Amino acid sequence: MSAHRPPVTDYLLLALLATVWGASYSFIKLGVATIPPVTLIAARTLIAGGILLLVLRLRGIRMPTDGRTWRLFAVQALVNSTIPFVMIAWAETEVDAGLAAILNSTSPIFTFLFTWAITRHEAVSGRKLVGVAAGVAGITLVIGLDALSGAGRQMLPQLAIVAATVCYGVAAIFGRNFKGLDPMVPAAGSMLSGAAMLIPLSLVLDRPWTLTPSAASLGALAGLAVVSTALAFVLYFRLIASLGSVATMAQAYLRVPVGVAIGVLALGETPAPTALYGLVLVVIGVAAMTLPGRARKAQAA
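First residue of the sequence shown: 1, per the UniProt record's numbering; consecutive thereafter.
It should be emphasised that the hints constitute simulated quantities derived from the structure, not laboratory data. These numbers were taken from a predicted model, which means no experiment stands behind them. Where is the CB? At the ideal position from N, CA and C, for every residue including glycine. Please note: incorrect hints may appear among the correct ones.
Said to hold, decoys possible - Here are the simulated distance ranges between beta carbons:
| id | residue 1 | residue 2 | range |
| --- | --- | --- | --- |
| 1 | G219 | W70 | 31 to 37 Å |
| 2 | L276 | T34 | 48 to 54 Å |
| 3 | R127 | V8 | 27 to 33 Å |
| 4 | T210 | R127 | 40 to 46 Å |
| 5 | L218 | V130 | 43 to 49 Å |
| 6 | V130 | P273 | 21 to 27 Å |
| 7 | L267 | P64 | 38 to 44 Å |
| 8 | T270 | G60 | 38 to 44 Å |
| 9 | T93 | A241 | 34 to 40 Å |
| 10 | L54 | T210 | 47 to 53 Å |
| 11 | R57 | M155 | 21 to 27 Å |
| 12 | V280 | M155 | 19 to 25 Å |
| 13 | I61 | L12 | 23 to 29 Å |
Produce the entire structure from the sequences given, and follow the hints as far as they go.
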């Protein structure tokens with residue numbers, strides 16, 4: 001019924017979420033120009049975690065204090081931020097932001113493959129299998145053919161982005177451990193846990209006090225932490241509550257063309273034709289994995 005139809009504001013916020021997450025790849029590209037990947041991500045997780053903690057406090061929600069929950073936060077940090085964030089940042093020292101956006105958008109496909117193979121709580125349908133096939137074909141097209149033009153120089157960074165996406169698939173399954181918590185709590189907890197892991201590494205590896213980051217890199221770091229991480233999580237959980245998880249997942253394929261477009265407009269990137277063909281296949285694959293089926297639409301009506 002029309003009374004239950006989400007307001008236009010929710011769909012505008014969904015478009016905003018796709019934009020701020022799509023922009024993260026360009027922020028990273030600008031950031032790693034003068035800030036090493038580990039230090040960039042350590043600062044990103046620390047700033048974002050602090051902002052999310054402040055938002056939770058303003059909402060009157062307390063963080064857990066038991067050791068078991070924080071150990072779970074630490075594991076979630078490893079697979080959802082620490083490892084994948086650093087791998088993507090390192091990869092973007094070589095590959096374009098738009099290409100990173102394409103490769104990293106396939107997390108719903110890997111999530112489905114892991115649930116199908118391990119937990120088996122995800123129903124298998126012909127549409128989802130088509131989505132997996134299209135997504136894998138898109139990845140193969142982007143990596144396999146585009147890498148040839150660079151004589152294999154970008155193969156390892158591109159595979160690192162795919163590996164980061166696999167980490168997100170694992171994180172989506174592991175996140176079921178936090179069902180009893182407000183969704184923003186594990187987001188803040190994992191960010192702060194990730195910062196606790198990365199700050200010592202940054203101090204040892206990069207000696208950040210010796211760095212001279214450019215104004216562009218510092219601005220990109222601020223945008224990455226405040227806009228593409230903290231604000232994005234606030235928007236994400238706001239939309240989960242109003243639109244539901246399935247509709248909110250639409251940002252997974254909306255952010256692909258957004259990320260590529262921002263790379264073209266802001267950074268002057270020119271995606272190879274093979275990457276654009278791969279983008280089309282990836283968008284089709286992720287859409288097939290995340291759009292609700294007719295049965296679920298009928299139940300929601």
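Results for each hint:
1. Roughly 33 Å separates the CB atoms of G219 and W70, a value that falls within the hinted 31 to 37 Å.
2. Between L276 and T34 the Cβ separation comes to about 30 Å, which falls outside the hinted range of 48 to 54 Å.
3. Separation of R127 from V8 is about 28 Å and conforms to the stated range, judged on CB atoms against 27 to 33 Å.
4. The hinted range of 40 to 46 Å is not satisfied by T210 and R127, whose Cβ atoms lie roughly 53 Å apart.
5. Range check, L218 to V130: Cβ separation about 44 Å, and the 43 to 49 Å hint holds.
6. The hint said 21 to 27 Å for the Cβ distance between V130 and P273, and at roughly 24 Å that hint holds.
7. Checked against the hint of 38 to 44 Å, the pair L267 and P64 passes, with Cβ atoms roughly 40 Å apart.
8. Between T270 and G60, the C-beta spacing of about 49 Å breaks the proposed range 38 to 44 Å.
9. One distance hint, 34 to 40 Å for the beta-carbon pair T93 and A241, holds here, with the actual separation near 37 Å.
10. Hint check: L54 to T210, Cβ distance near 30 Å, so the stated range 47 to 53 Å is violated.
11. Evaluation of the 21 to 27 Å hint for R57 and M155 yields a failure: the beta carbon distance comes to about 45 Å.
12. Hint check: V280 to M155, Cβ distance near 22 Å, so the stated range 19 to 25 Å holds.
13. Remark: the range hint 23 to 29 Å for I61 to L12 is upheld by a beta-carbon distance near 26 Å.
Violated hints, listed in ascending order, are 2, 4, 8, 10 and 11; each of the other numbered hints is respected by the structure.
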